[in-house]
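Undergrad: Go ahead and model the full structure; you've got the sequences and the hints to work with.
Number of protein chains: 4
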Amino acid sequence: MGLKTKEEYIESIRALNPVVYMFGERITNVVDNPRIRAGIEATGATYELASMPENKDLFVTMSPLINEPVSRFTLPPASIEDLVARVKVNRKVANYVGTCHQRCTGLDCLSTLAIVTYDIDQKYGTHYNANFLEFLKHMQKNDLTGNAGVTDVKGDRSLAPHEQVDKDMFLRIVEKREDGIVVRGAKSHQTGSLSCHEVIVLPTRAMGKNDGDYAVAFAIPADTPGLIHVVGRSSLDKRELDGFDCGNIYYSKYCPTLIFNDVFVPWNRVFMCGESEFAVDMVVKFSSFHRQSHGGCKSGKIDCMTGAALTMMDYNGTAKMSHLKQKVIDMIHRAETLYGCCLASSYEGKKQPSGNYFIDTVLANASKIHEGKEMAEATRLMIDAAGGYVADLPSDKDFENPEIGGLLKKYLKGVDSVPVENRIKMFRLVEKMAMESADTISDIHGGGSAEAHRVTILRETDTESKKKAAKRLAGIKD
Amino acid sequence: MGLKTKEEYIESIRALNPVVYMFGERITNVVDNPRIRAGIEATGATYELASMPENKDLFVTMSPLINEPVSRFTLPPASIEDLVARVKVNRKVANYVGTCHQRCTGLDCLSTLAIVTYDIDQKYGTHYNANFLEFLKHMQKNDLTGNAGVTDVKGDRSLAPHEQVDKDMFLRIVEKREDGIVVRGAKSHQTGSLSCHEVIVLPTRAMGKNDGDYAVAFAIPADTPGLIHVVGRSSLDKRELDGFDCGNIYYSKYCPTLIFNDVFVPWNRVFMCGESEFAVDMVVKFSSFHRQSHGGCKSGKIDCMTGAALTMMDYNGTAKMSHLKQKVIDMIHRAETLYGCCLASSYEGKKQPSGNYFIDTVLANASKIHEGKEMAEATRLMIDAAGGYVADLPSDKDFENPEIGGLLKKYLKGVDSVPVENRIKMFRLVEKMAMESADTISDIHGGGSAEAHRVTILRETDTESKKKAAKRLAGIKD
Amino acid sequence: MGLKTKEEYIESIRALNPVVYMFGERITNVVDNPRIRAGIEATGATYELASMPENKDLFVTMSPLINEPVSRFTLPPASIEDLVARVKVNRKVANYVGTCHQRCTGLDCLSTLAIVTYDIDQKYGTHYNANFLEFLKHMQKNDLTGNAGVTDVKGDRSLAPHEQVDKDMFLRIVEKREDGIVVRGAKSHQTGSLSCHEVIVLPTRAMGKNDGDYAVAFAIPADTPGLIHVVGRSSLDKRELDGFDCGNIYYSKYCPTLIFNDVFVPWNRVFMCGESEFAVDMVVKFSSFHRQSHGGCKSGKIDCMTGAALTMMDYNGTAKMSHLKQKVIDMIHRAETLYGCCLASSYEGKKQPSGNYFIDTVLANASKIHEGKEMAEATRLMIDAAGGYVADLPSDKDFENPEIGGLLKKYLKGVDSVPVENRIKMFRLVEKMAMESADTISDIHGGGSAEAHRVTILRETDTESKKKAAKRLAGIKD
Amino acid sequence: MGLKTKEEYIESIRALNPVVYMFGERITNVVDNPRIRAGIEATGATYELASMPENKDLFVTMSPLINEPVSRFTLPPASIEDLVARVKVNRKVANYVGTCHQRCTGLDCLSTLAIVTYDIDQKYGTHYNANFLEFLKHMQKNDLTGNAGVTDVKGDRSLAPHEQVDKDMFLRIVEKREDGIVVRGAKSHQTGSLSCHEVIVLPTRAMGKNDGDYAVAFAIPADTPGLIHVVGRSSLDKRELDGFDCGNIYYSKYCPTLIFNDVFVPWNRVFMCGESEFAVDMVVKFSSFHRQSHGGCKSGKIDCMTGAALTMMDYNGTAKMSHLKQKVIDMIHRAETLYGCCLASSYEGKKQPSGNYFIDTVLANASKIHEGKEMAEATRLMIDAAGGYVADLPSDKDFENPEIGGLLKKYLKGVDSVPVENRIKMFRLVEKMAMESADTISDIHGGGSAEAHRVTILRETDTESKKKAAKRLAGIKD
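Protein chains in written order, with full-length UniProt numbering: chain F, 1 to 478; chain Z, 1 to 478; chain B, 1 to 478; chain D, 1 to 478.
Incorrect hints may appear among the rest.
[Said to hold, decoys possible] Straight-line Cα separation of at most 25 Å, PhoX-like style, residue types lysine-lysine; simulated pairs: (1) Z:Lys88 to Z:Lys351; (2) B:Lys6 to Z:Lys468; (3) Z:Lys477 to B:Lys320; (4) B:Lys471 to Z:Lys477; (5) B:Lys410 to D:Lys176.
No wet-lab data here; the hints were simulated from the structure.
TA: Set out below in structure tokens:
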């Protein structure tokens, strides 16, 4: 037990036996499937970085719960410092992997449950917090990775859960037994669900009085019977499977749809069960934490994208063009905006009744609103700076072909001092960062819809005090 | 001879025997390769639409050169009406195919050569215009498709053609023979080079006095000896090859790199040969025409994207959400902006010495500047409106799998009245339109770099008259 | 009779005797009040430009109604050429005066009435079109200027006209007499109401069945008894009154609130009276025409602003800075976008039953959506390029003061070759164009609210055909 | 001595006797001039707020230098907490006054000098830090306000200070005497120079070896002989002088040009004198601090603007319109972006050799880049939400006029429950916040040009590490 190395992490994932489908076929060896492995490697980077001496201070901290050093990815924040570390760790890992590392969502669930289970218990005298703390010990002692089972498939978006024609469109309790509950439903976009040991389920939205069966939270191993992971397609998914033209030579992302086909959850792993008025707390806390995780992460991804743009400029002979420098500045500006808002959101966090800390929601959502619009712009700028071969670069196989490889290398050459192979590789990385759907579309849809972020900042803002200030200056008394 | 049906067009392409590589392998049957075929089908749509009675008035017109009805795609504009039809035809075809139809570039070359060969002859007493008109007759009589061989690979961008370490980084004349010339070089991003009968080459930039060998224009069949088409990778290229998860069930785009490995061009097919000061005319005319073609085309693509967004809203139960309506308005606004600027560019066109018409460059470039930025935004809005499954929708193969297909269809269901299959198909189309690199990256890099469009409008604008107006109002005499 | 010179125009305005208040005081000599005069001069420029030989072709045309040459400002368009001239004339005048010339609104009313009075007559057998044509003859024969009385004060925006607590919040018929009607209400933002001869009133919105008394259109002289012009404040209004620090040494804008305090209108000047279902036609036609007028005009204003920015760069020694050139390009791009969309809107116009022509609404509104957002951006760019003294330049009086004038001139000097007086004057012009409220706020609120433009393009777009195109590509049959 | 009340502050300003011109006339009673007074009141608000018990914790802190409670506006930050308080205090005051409070610039100078004088002394063994600390004691003990004399008039921007034709275009030392130095030059945009007790001068840019006479820093009382304050024009300056239509009934802003007409500075008030290589440190530190001050301040101003927009929506009957809510969200988002980046810039501050703290420059500049673009957008949104009467509201004098006042009040009425007077007042406040040049143009030009902020973030960013990260992922070794 204790902190895992990357290798130990991968072996621990290998030990699981989940039910997985991809391209209509059953996958039995998850860890050695190159596509899924590229995602597991990205999560593995969180273990690798934590084990590097220069990162220990940032990535590893003492857990007051188990009195042992733990990874920050299993630590619900209990101080401002902890909140700040969230952002810095995410930026660092994202910059290292150039894509989603897939371990933030589990932490965001743990951070949420640490607060809300306590609050439910206070009101109802339940024991969810004790259940949660036991679960948390397990996560910390074994340095595990959690997956956030939050986004339901939702069916007809204009209807509440209990109004749906098919009642399973939001995950729900279909049976309560003496030893536990049975749940049914499906969760979409389960980033890295096969890179994780535990699936942690929270409700996806506020629940009304008639939606009690949908107000449920729990955690189960990723290979629990009844769980089916269907790895959906992403735009570049065949690249890892084929083993060439990958762009990012180490890492990638995949997002299964996760079906809960009447899955049993023992009571000691249940963290909410019918307390429907707390569903909104769960989802607001989780989504705020997660929108902030995005900000740290995506600023790190822009760092990579900026590095790629600058390198392409070096390779193309355009490093001194003033309009391209302006575009690089626009990229940096976007990264720092996400980072600044997220850091401030941490620094302005507040202690909660459970003793844990929660971030400033308005600032976290302010970051996510930028992300939802500006990552697309940062991507566009990177493509602009890199050049047109992001669209249609010949394959590695073409470059290796004896008849045309030489000609292609001749003609793909940029500045004389740079080997043509480097230019080709960097074009491929740019293509990966720009055109890989699983990661880029999370800029828009990750952490809830773009509109949700906007509604949140309006709801959480004290508009009355603003009106009052304006009225005073205008000389209006009322 | 005369106008071809779509079927005749495809058979005429089948009759060619070009040298083609893809994924490092030689492709001998181009027309039946599913990836290339999807592109050929898109060009085929220009023939199909022209043969529909309701489109004849727009797509077909009399050629004064051959006194026969011809497709507008082989007609250099000789009136304002012709210029206007360019925009309308492109919007219509793009809306029909939802991607690049790949036939505009050839027309843009013909339109350019009609003007500039005449001007060169006027100065030098050469016979390029006669050569061109013969070639044009051939194109018109056989209803052929041309490919624009314009974008050189460029090597080190900070150096002129003759300054490059490898002199072949811009296509050049390596030999002048009695019967013709021999050229060497490579052209990038040759959209639809295998969907065309003729490759038409123009210089990619202004040429200085020392760049005379690079000031060359000509046309040759797409299967001329020495020509090698290397079909590069695009993000979703495996989908057509695999035959599932295509999104757009009919059409796609591909962009070879085209190597001219010492290719012979007979004199009667040469349209410029060393008159370096006319290179700038060639490229300015071509790029203006082509930037305008983009505007018509991309407004048609946004039409499709808007239709897809609205349909997804119907399917998701979100059709009445005001924030989504606003996003649809933002999409429509972008389409109409491109369309408006391009139409105005046509309507304000001017007659040239050759009798042909040229568009207003400032307005054409104004459209392209919008395209370069706003297509990414329109795409982002479509993804936002559609929902997160653009990122990671399970494969058709998963839906067909007997063990999980039923569960997936259960959970992917949106509003009750819409078959789940339709929702899945529309998600896939959105993925295609958003994440297919060959088409989306042309929004940014097609028609020259984003900066080129900007520099053009500054250069072509009468800034002195603007200063004069301001000085008069300020009471400044000078 | 016939075309007026600028001087004749001003004398004809002098002959009127309207009731006017400004700063709480009655103004009896309108023409010699320097603030109002600056507005009258701007309208006068339309007469001046029309009388210059080089502009005759554009500004003057034959009226088929009176068989005499008339100003385009009194000509309802009867051809595509007429529609196009609207845009070009507006750009030209705006570039000449650097602000609103205040004569487009009357033309927009005439253009609307020419179409809609005919349509009402067709349905109801009324004689509004005959009334209108008599009025139009009067306008054309005397080369008069009309004012658009459209924008009602509106009261509580969440209520229809007949639901308002005070029934006069929209202008209405309070009495029908044998010889005419009596109307009551008030119209806001009556640009140039004292620079015009005739006030032309149209309804401001669609009217329901219960709003019949509000469905009224008519024209009356600007000094009709009961009409009260209250010239509101604008940000720089004291400058003209003081006679120094004006910036634009010739022209300005003012916008009265116009009160109709039980005003009598004879029947022969009534153009609609209770046909409530036609109110929407009136307002849609007028607002489309007027939003297009804005586009032509504001592109001309940006021309001036661009000239001012470039001149300031010359004066400051910053003409070669690449980031400022980029900002100038951004300004030009905005001007051309407005111009392009508006021109296309004209070229794509359609003949109406009356024989007159109407523009393409979607394209006209596309232009206005840009204006509403991008004029503020163009202004910001001009300020950025000009320098900080736009904020707080010392007064002409300071420069004239013998104790400090010399010091100020010493320190305000820019590049050595330019007299300091010129730099000071140009700063003042930039201040005027950037910070004068009457004109700049019309960018946002002129031609209806920003949201109205957006709703219009959604309503006028064929969304079903877009959905159909997307469904075909996705393989959906329904 | 000790903390001043607002009244004491005003009397202390009254005790000064500066040389002041406005509209070409000498002003002798500064404090009772209504235009200047409105600015003094804004600075006075910093004293007023500090004396309110609920603000003490934020506004007042112990000075380690004098061991007394001092205002944060005289405290160079010596901890992260101090840096954070800067942002919060500025937001609070700005929200309270709805314009610039004019006291941040002095603090930014003190904060800069605390760091840089120490560094110069370390290198040269000079005694600038001791001089500075004595001056600081004086400021703290008397709770004084400082003015930042930074922005030189600059002459020809393409030339360095010593290259200018007139050597005085940057403030310089013209004589060194035994008892002090004599300086000559002029500083532009001296926000609140008459609301302050001391003028603190720093260089405006980096200085080269030949610019030694320009590398000078010092502090002198605002009424030192030879100092001439010329209060320039701003767009609404006559409103305060006239005493009606002010909009903001308490506060305004004014920005003199400050001429140093051979001004004597005693040695004990000199903080730099010829150490030209430190000029860049001075200006980078000052401008970073000041750009951050802007962010705090302008987020507070947007708070007011948001309050005004929401109040106008209440008054107009448009509070439930979804498009207006979206615009309010856009305003809030902008405020929080500035606030977030500035807070993060403080929290990530670093200790300097002198013991003082300096902020993170990249984050401070990231905020300012947003401000330079987004304040104009926030303003536009406020105007959009408020309605067209921002442009041309009748004067208070019109509303008071017995003949038309009643009619105007009748027609300006919005929702029935709100007195028309309130609606009029709020329109006027919106006009003030939107159209007052002295404040709004500082959004663009305050804290240096927009381009300076951009260049700063590129220069201060570690681009090499970004390239390195990208190369690793692409598999490039170099």
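Undergrad: Against each hint, give a clear statement of whether it holds in the structure.
TA: Right, here's what the structure says about each hint:
no.	hint	verdict
1	Z:Lys88 to Z:Lys351	20 Å, holds
2	B:Lys6 to Z:Lys468	22 Å, holds
3	Z:Lys477 to B:Lys320	23 Å, holds
4	B:Lys471 to Z:Lys477	63 Å, violated
5	B:Lys410 to D:Lys176	23 Å, holds
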